[in-house]
Amino acid sequence: MKKSIKHISIAICLSTFMLPMFAQYETHEADKKKAQYIFLEAIAKNTENDASASFDLLQAAHSLDPENPTIGFYYGMSILSADEVEKEEMDTALSLMKRNTLLRPDDFYENYIYAILCSSISDYDETIRVVETLLKKYPDRMQMYPVLAKSYASKNEFGKAVAVIDSLEKTEGRSTSTTIMKIGYLLNMNDTTAIIATGKQYLSDAPKSVEPNTLMGNVYAQLGMPDSAFVYYDKALAIDPDYGYANLQKANLYYSTGDSTNYEKEITSVLLNKNIEVGTKVDILTDYIRTHIQQNDSSDRVDNMFATILEQHSHEAQIHRLYCDYLTYRGKYDAAAEQISYTVDIDPSDPKDWERLMWLYTFSEKPEKAIETGSKALSYDPEHITYYQIIGVAYYNMGDYEKSIEYYDTLLEKNKTLMLVNEADIYSALAESYNKKGDIAATLRNYEISLEIEPDNPLTLNNYAYSLCISYSENADSLAKAEKMSKRSIDIEPENSSSLDTYAWIMFLKRDYKTALEYIEKAMENADSERNNAELLEHYGDILFMLGRPDEALEQWKKALEENPDSELLKKKVDHKTYFYE
Numbered sequence: 002m003k004k005s006i007k008h009i010s011i012a013i014c015l016s017t018f019m020l021p022m023f024a025q026y027e028t029h030e031a032d033k034k035k036a037q038y039i040f041l042e043a044i045a046k047n048t049e050n051d052a053s054a055s056f057d058l059l060q061a062a063h064s065l066d067p068e069n070p071t072i073g074f075y076y077g078m079s080i081l082s083a084d085e086v087e088k089e090e091m092d093t094a095l096s097l098m099k100r101n102t103l104l105r106p107d108d109f110y111e112n113y114i115y116a117i118l119c120s121s122i123s124d125y126d127e128t129i130r131v132v133e134t135l136l137k138k139y140p141d142r143m144q145m146y147p148v149l150a151k152s153y154a155s156k157n158e159f160g161k162a163v164a165v166i167d168s169l170e171k172t173e174g175r176s177t178s179t180t181i182m183k184i185g186y187l188l189n190m191n192d193t194t195a196i197i198a199t200g201k202q203y204l205s206d207a208p209k210s211v212e213p214n215t216l217m218g219n220v221y222a223q224l225g226m227p228d229s230a231f232v233y234y235d236k237a238l239a240i241d242p243d244y245g246y247a248n249l250q251k252a253n254l255y256y257s258t259g260d261s262t263n264y265e266k267e268i269t270s271v272l273l274n275k276n277i278e279v280g281t282k283v284d285i286l287t288d289y290i291r292t293h294i295q296q297n298d299s300s301d302r303v304d305n306m307f308a309t310i311l312e313q314h315s316h317e318a319q320i321h322r323l324y325c326d327y328l329t330y331r332g333k334y335d336a337a338a339e340q341i342s343y344t345v346d347i348d349p350s351d352p353k354d355w356e357r358l359m360w361l362y363t364f365s366e367k368p369e370k371a372i373e374t375g376s377k378a379l380s381y382d383p384e385h386i387t388y389y390q391i392i393g394v395a396y397y398n399m400g401d402y403e404k405s406i407e408y409y410d411t412l413l414e415k416n417k418t419l420m421l422v423n424e425a426d427i428y429s430a431l432a433e434s435y436n437k438k439g440d441i442a443a444t445l446r447n448y449e450i451s452l453e454i455e456p457d458n459p460l461t462l463n464n465y466a467y468s469l470c471i472s473y474s475e476n477a478d479s480l481a482k483a484e485k486m487s488k489r490s491i492d493i494e495p496e497n498s499s500s501l502d503t504y505a506w507i508m509f510l511k512r513d514y515k516t517a518l519e520y521i522e523k524a525m526e527n528a529d530s531e532r533n534n535a536e537l538l539e540h541y542g543d544i545l546f547m548l549g550r551p552d553e554a555l556e557q558w559k560k561a562l563e564e565n566p567d568s569e570l571l572k573k574k575v576d577h578k579t580y581f582y583e
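For the sequence shown, the working numbering begins at 2 and goes up steadily by one.
There's no promise every hint is true.
As the list claims (entries may be wrong) - Only pairs whose alpha carbons sit at most 27 Å apart, straight line, appear in this in silico BS3-like list of lysine-lysine: (1) K333 - K370; (2) K46 - K34; (3) K171 - K138; (4) K511 - K437; (5) K515 - K485; (6) K99 - K33; (7) K523 - K482; (8) K437 - K417; (9) K573 - K438; (10) K161 - K201; (11) K377 - K417; (12) K515 - K488; (13) K156 - K137; (14) K523 - K578; (15) K438 - K417; (16) K511 - K485; (17) K560 - K523; (18) K438 - K367; (19) K415 - K404; (20) K46 - K33; (21) K377 - K404; (22) K275 - K236; (23) K578 - K560; (24) K151 - K201; (25) K171 - K161; (26) K511 - K488; (27) K438 - K572; (28) K377 - K333; (29) K99 - K161; (30) K560 - K511; (31) K560 - K515; (32) K99 - K156; (33) K171 - K151.
Stated by the list, open to error - Here are the computed distance ranges between Cβ atoms for each label pair: (34) L273 - D167: 37 to 45 Å; (35) T177 - Y381: 43 to 51 Å; (36) I347 - P383: 19 to 27 Å; (37) A195 - I347: 48 to 56 Å; (38) V232 - L421: 54 to 62 Å; (39) E407 - K485: 31 to 39 Å; (40) R331 - G160: 48 to 56 Å.
No lab work stands behind these hints: they were computed from the structure.
By construction, the Cβ of each residue, glycine as well, lies at the ideal position given by its N, Cα and C atoms.
Could you put together the complete structure from these sequences and hints?
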């Protein structure tokens, strides 16, 4: 009886310990199955481009079965696909993906993705480890060889990189891309003999083909042997006279040797070549323009080049657009407007082209054309609010301040939801329009709102200060406020002649003529000689007169009158050689 009790006790004890263990095992297996199901759902969501749902599902699957390397791999990928990834998150993701490669080294797809990722973050040792492991299993997967070669090259192990390309060529044969890679590595090794031999090996495969001959020309050009390079470029062109790439390489070589005549000749050949895509021609033209700008070339070469290419591509918007950019840089606004007008005729869908055309008419002092263009642009896109801004500027320049205010008000309303235009600038522009209308209260109110939004805008500070001192010249409080704002604008832009002039005039109104002279002379030093400076010159004369220097004052008034011959007040000052109060 005692013996039976003993066996029963052991059985009870075993069951006490084993039942929870079996329960845990069953739970763990259930979690694995659930994780697998969730994982498949995540993959489906990813296929549907629902990245957020896919991430949540992968996270849940990984929490249920953290030991599953495949789930961990895709969870890691999902972490890295976020817009912003913290370093700790990246380390976690890479650790999960690396674990998968160690546990499942034969899976090509997942390991190759991991290798590419490692290469992209410059972890070349890990890239090499994974790719070399894969190549043992999949030696026929050719896409891995360039990855491995580039990884070795990134570690300055160029000999190993060359060996990898040699292995690739044994299977695939030589190609332009493998030859270029190999030559690049040999250049880093300064092995001139091997470089030339590699180029000639590729040429021997197809001696009557343009690509190997051009490549051979590039090899000699790279080695500083231009005469030999030209021989091979000419061989390529003898095989195919329309092979524009050889012309382009010749042009680059002529440029590097300082032969501008032949450079122009070859570039022209390239741009007239019908086999070269328009996008490539635009890139070449861009470089051509940049070169001439850097050389301060004021000749008509660039214009002549555009005239030549536009004969062939008169309906290519991007060429007209590029020509517009160049003409704008040269300050030829009328001609630039003509080019961009062709662009909007060809393709009216780009609002930036319409904006550019409107601004060019504005710069050309053709506000009516800017308004006409703006109206047409609005017919295509009535919600593009920048059009309203430019039309408002155009009406202001025409002197139609009511219309200017109307468009600025519309702009303000449409901008409330989009906030694409600086709201402070809109209120400042409204203030200037009201100022021209003579509505001082509205002027100051809009300047106040503008400064509430952007309190350190130097242009608004200056314009507000000037409006205050002109409108309330006898009011000490207004002058004090104007002085404070004007001084702030100078603190921000100490060499702005307009701000310096405003401060000088405030000092003039306060009868501090000595300080006024100091600032007006600074304004004169910083003035743009190409702009109309009539008001600045008149103020200079007024200040000089008040300092008892009438002859010098008269000299400045005369200069001002030359720039503003319609001013009756200036005429009186000059005729009577004295100051008159307005």
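Outcome of the hint check:
1. K333 - K370: Holds, at roughly 16 Å.
2. K46 - K34: Given pair K46, K34 holds - Cα atoms ~19 Å apart, limit 27 Å.
3. K171 - K138: This hinted pair holds, its Cα atoms lying about 18 Å apart.
4. K511 - K437: It holds: about 25 Å lies between the C-alpha atoms, which stays within 27 Å.
5. K515 - K485: holds, 18 Å
6. K99 - K33: Roughly 21 Å between the alpha carbons, so the hint for K99 and K33 holds.
7. K523 - K482: This hinted pair holds, its Cα atoms lying about 22 Å apart.
8. K437 - K417: Cα-Cα ~26 Å, so holds.
9. K573 - K438: Within the cut-off at roughly 26 Å; holds.
10. K161 - K201: The given pair, whose Cα atoms are some 22 Å apart, holds under the 27 Å limit.
11. K377 - K417: holds, 24 Å
12. K515 - K488: holds, 16 Å
13. K156 - K137: With Cα atoms ~22 Å apart, K156 and K137 stay inside 27 Å; holds.
14. K523 - K578: holds, 25 Å
15. K438 - K417: Judged against 27 Å, a Cα distance of about 25 Å means the pair holds.
16. K511 - K485: holds, 13 Å
17. K560 - K523: holds, 18 Å
18. K438 - K367: Distance ~21 Å between K438 and K367 Cα, so the pair holds.
19. K415 - K404: holds, 17 Å
20. K46 - K33: holds, 20 Å
21. K377 - K404: holds, 17 Å
22. K275 - K236: OK: K275 and K236 at ~20 Å, within 27 Å.
23. K578 - K560: Answer holds: K578 to K560 is near 14 Å, not above 27 Å.
24. K151 - K201: Holds. K151 to K201 sits at ~23 Å (cutoff 27 Å).
25. K171 - K161: Between K171 and K161 the Cα gap is close to 15 Å, so the pair holds against 27 Å.
26. K511 - K488: holds, 15 Å
27. K438 - K572: Holds: K438 and K572 sit about 25 Å apart, inside 27 Å.
28. K377 - K333: holds, 23 Å
29. K99 - K161: Judged against 27 Å, a Cα distance of about 24 Å means the pair holds.
30. K560 - K511: Satisfied, since the Cα-Cα distance of roughly 25 Å is no more than 27 Å.
31. K560 - K515: holds, 22 Å
32. K99 - K156: holds, 21 Å
33. K171 - K151: holds, 18 Å
34. L273 - D167: 37 to 45 Å: Since the Cβ atoms of L273 and D167 sit about 41 Å apart, the hinted range of 37 to 45 Å holds.
35. T177 - Y381: 43 to 51 Å: The hinted range 43 to 51 Å holds for T177 and Y381, with Cβ atoms some 45 Å apart.
36. I347 - P383: 19 to 27 Å: holds, 22 Å
37. A195 - I347: 48 to 56 Å: About 51 Å separates the Cβ atoms of A195 and I347, which means 48 to 56 Å holds.
38. V232 - L421: 54 to 62 Å: holds, 58 Å
39. E407 - K485: 31 to 39 Å: With Cβ atoms ~33 Å apart, the hint holds.
40. R331 - G160: 48 to 56 Å: With a Cβ separation near 52 Å, R331 and G160 satisfy 48 to 56 Å, so the hint holds.
Of the numbered hints listed earlier, not one is contradicted by the structure.
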